[in-house]
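Asks: Protein chains in written order, with my numbering: chain A, 579 to 786; chain B, 8 to 644.
There could be a bad hint or two in this list.
Here are the simulated lysine to any residue pairs, SDA-like style, with alpha carbons at most 25 Å apart [unchecked claim]:
1) A/Lys-610 / B/Glu-561
2) B/Lys-388 / A/Glu-736
3) A/Lys-610 / B/Ala-401
4) A/Lys-616 / B/Ile-553
Please keep in mind that the hints were generated in silico from the structure rather than gathered at the bench.
The lines below spell out each chain.
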Amino acid sequence: MSSRKKVLLKVIILGDSGVGKTSLMNQFVNKKFSNQYKATIGADFLTKEVIVDDRIVTMQIWDTAGQERFQSLGVAFYRGADCCVLVFDVTAPNTFKSLESWRDEFLIQASPRDPDHFPFVILGNKVDLDNRAVSAKRAQQWCQSKNDIPYFETSAKEAVNVELAFQTIARNALAQETEAELYNEFPDQIKLNANDNNRNRDGDNCAC
Amino acid sequence: MSCSSTEDLPDQYKELFTQDGVLLKACIGRPISDLNSIGMLCVVQNSDGTKCIEWRPNDLITIDSDTQDQEWAVVNTIGRRQRTLSGNMTSDYAAARARIVRIPLAELKTFKVTRNNQQMQFSTKSGVWQNTFYFQHGNAEIFVAYLKNHVKTAKTRHDRNTYVVVESNIDSQALNKSFTELDIFTENTTDVVWSLVSNFKQRPYETTMEAFSKLTDIVWSVLVYYGNEGLNGKRDVSEEVADLLTKSMSALEDTTSITKSDEYEVITVKPTLPPRPCIPRGTPLSTEKWEGLQDTEGRILEVEGVKQLIFRGGVAHSIRPAVWKYLLDYYPWRSTHSEIRKIQKRKTEEYFSMKLQWRSITERQESRFSEYRERKSLVEKDVNRTDRSHPFFAGDNNPNVLLLQDILMTYVMYNFDLGYVQGMSDVLAPLLLLLGNEVDSFWCFAGFMEKIASNFDMDQAGMKQQLLNLQQLLTFAVPDLAKHLASKDSGNMYFCFRWLLVWFKREFSFSDIMRLWEVLWTGLPCANFHLLICVAILDAEKDVLISKDYGFNEILKHVNDLSMCLDIDKILSTAEGIYHQLMSAPHLTDQIRIILGIPTAANNPNDRNEESESEDLGDEEPGRENARNQANGYTRI
Chain A
579 MSSRKKVLLK VIILGDSGVG KTSLMNQFVN KKFSNQYKAT IGADFLTKEV IVDDRIVTMQ
639 IWDTAGQERF QSLGVAFYRG ADCCVLVFDV TAPNTFKSLE SWRDEFLIQA SPRDPDHFPF
699 VILGNKVDLD NRAVSAKRAQ QWCQSKNDIP YFETSAKEAV NVELAFQTIA RNALAQETEA
759 ELYNEFPDQI KLNANDNNRN RDGDNCAC
Chain B
8 MSCSSTEDLP DQYKELFTQD GVLLKACIGR PISDLNSIGM LCVVQNSDGT KCIEWRPNDL
68 ITIDSDTQDQ EWAVVNTIGR RQRTLSGNMT SDYAAARARI VRIPLAELKT FKVTRNNQQM
128 QFSTKSGVWQ NTFYFQHGNA EIFVAYLKNH VKTAKTRHDR NTYVVVESNI DSQALNKSFT
188 ELDIFTENTT DVVWSLVSNF KQRPYETTME AFSKLTDIVW SVLVYYGNEG LNGKRDVSEE
248 VADLLTKSMS ALEDTTSITK SDEYEVITVK PTLPPRPCIP RGTPLSTEKW EGLQDTEGRI
308 LEVEGVKQLI FRGGVAHSIR PAVWKYLLDY YPWRSTHSEI RKIQKRKTEE YFSMKLQWRS
368 ITERQESRFS EYRERKSLVE KDVNRTDRSH PFFAGDNNPN VLLLQDILMT YVMYNFDLGY
428 VQGMSDVLAP LLLLLGNEVD SFWCFAGFME KIASNFDMDQ AGMKQQLLNL QQLLTFAVPD
488 LAKHLASKDS GNMYFCFRWL LVWFKREFSF SDIMRLWEVL WTGLPCANFH LLICVAILDA
548 EKDVLISKDY GFNEILKHVN DLSMCLDIDK ILSTAEGIYH QLMSAPHLTD QIRIILGIPT
608 AANNPNDRNE ESESEDLGDE EPGRENARNQ ANGYTRI
């Protein structure tokens, strides 16, 4: 972990159309929100330097189009991903139901070395809205059932938990990277650490 | 002596094209003594804009300058006219003058090329060949190629050597006059010069000297013409042509390698593209011109002419609402005012009945109709983030945003199989902004969607095909960039996805995208011209992409960041230049021909450098004419 080489973490944000992928990315990188973001066509990315455990890492965050039919092209951008962020809209149950297929699709297309331990993070976005339709409990249960994926409830609009979520994303991605470097020397330990962190934070941020 | 009183020719006319070494073989109404004399065949433009084919005996030229070789005839004729004007006329000169043969282009009905490109016959009356000319150098095809810039021709089915003039004297209207000028520029300059250069390259031994002299001749005639005229003062064309020639020659040196053996040398030519002509954009179709194009009942008859004009310069903003309805197949071009009123009525009813279909779905129905619900939700999400920074769509509860939604929802009922796909709201927004009217916008949108429906395929097959075709075009047109992209995992061209999906909507301002779209809607000058737009943009970025050694990520970022930084006129002009480069490339492949919708070599063995008559030929003719005919849906007789 003391390696001083420059680290680039590639993070892919996936989720149904309109759940707030572009907004989350912009809130994290540029610290601003606009309701005038256009629907993403094709793909784009932003980069941001963050400090994780005293290491400076560059996060390269990829945003793709959410409509299902565009995914067959989006896969070109999955290659080499260090972490995948799955986003749903807490006011739209369909977007929550889609998480499963987004996750499966990503694992098939990106074919990471160790799919069972590939770091995902789930974001339930738009918690600033009143018409919530997916409870935090339901989301957490699903995340636990999927090998304890860290879950955050966010609002890109009001910058709720965005920074924290991306910190976790960076840490988990870095852990994955280190794991790969170390040839899984201590895989369990690292994973447990990551999960512990997230459980604690989940507790803090749970909206229920 | 005033020249106007003694000459039967108009005072001022200019030679547009000249070909020497042409014998007058037969001419109805001329004494035998006039025949079998050598001279030059020209296309000249009179002061009133009309054009003639003119044959002039060499005596006329040598009177002025006996000492000069006929290969330099064009230069001489300039000298002659100046001397004529200064009053230096002799009786011999007058006699020679009388032997000039003139065929007004307006009267030309058919012409024919026979004897291995050595003979041309012209007719102004069906059934009779009034004039026969013999081309000493066997190069009548050059004259034909030039002539086709001035008259619209079709080949007859039974005789591939005979051309029928389907639209005589396309100079008679102001509209077409401007085309002709452009055609001279776009086709004559590069095409003729290039065909000579490429001939030269392909048959170096037989044609070296001959080709060189011909080339000089033609370049001179071009120089002289543009030297006199200029082209709207926009650029110095003579310089351009000289530059072109220099480039061709140096390209020739660069790309030929010579293998010597005892008896002969083998010269191999590495294929490179001809130089790219720089084609200036025209002015937008004006209100006056547009009104002038309609007959008393409102029909537009000169459809191809209108499309050409729009391709050249776009449409003036004030008449866009009218013209777009035709371009987007809402109104048929040849419909009268009263027919249009009927169409409007019918289409309005049709629109509102489709709108009523989804408007009458109750909430309870909706709750059991998940597919409909999903589409509706997607439309709502997207209209609320479509061009909201533009004043027309800005602000809360903007009625125009609702209109976007209504039109897109109605489109879902119009084409339920396709439904709503992201990108459609982007395509619709400029239409609604311009037309303002819900029904008109819907039908124009439906017409636009007809053209780009495959972009929205569920399996994205249409997009994948276009990305592949783009890669193929780029490999042919800008090979070094294509190679760089391939080496950076970007050969799939995914970074152009956004450009293609919504036809560059995200890359340009509203006013620029309107210009680009109306040009693309004409379908000119070939199929898939939008891919050449991509090639043009990438070509301009080539140096940056290669010199900075950009990889996959940087390429995508760079391309995405070009949005709103692109010059539409420059891009259109470059894309057209690339089109002409491809068309005159001797090594154009079938793959590229198919992409651009022009006949393949298999259908078209009469390649531009092939002069043999013995081949079994289809009705096709080479290169550009084909592309144009096909693109225009112009039927050959």
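Asks: Is the straight-line distance between the alpha-carbon of A/Lys-610 and that of B/Ala-401 25 Å or less?
Replies: 19 Å, holds
Asks: Check the hint pairing A/Lys-610 with B/Glu-561 against an upper bound of 25 Å on the C-alpha distance.
Replies: Cα-Cα ~24 Å, so holds.
Asks: Take a quick look at whether A/Lys-616 and B/Ile-553 sit within 25 Å of each other, Cα to Cα.
Replies: With Cα atoms ~30 Å apart, A/Lys-616 and B/Ile-553 exceed 25 Å; violated.
Asks: Given the hinted pair B/Lys-388 and A/Glu-736, is their Cα-Cα distance within 25 Å?
Replies: Measuring from Cα to Cα gives roughly 19 Å; hence the hint holds.
The structure is inconsistent with hint 4 alone, although it conforms to all the rest.
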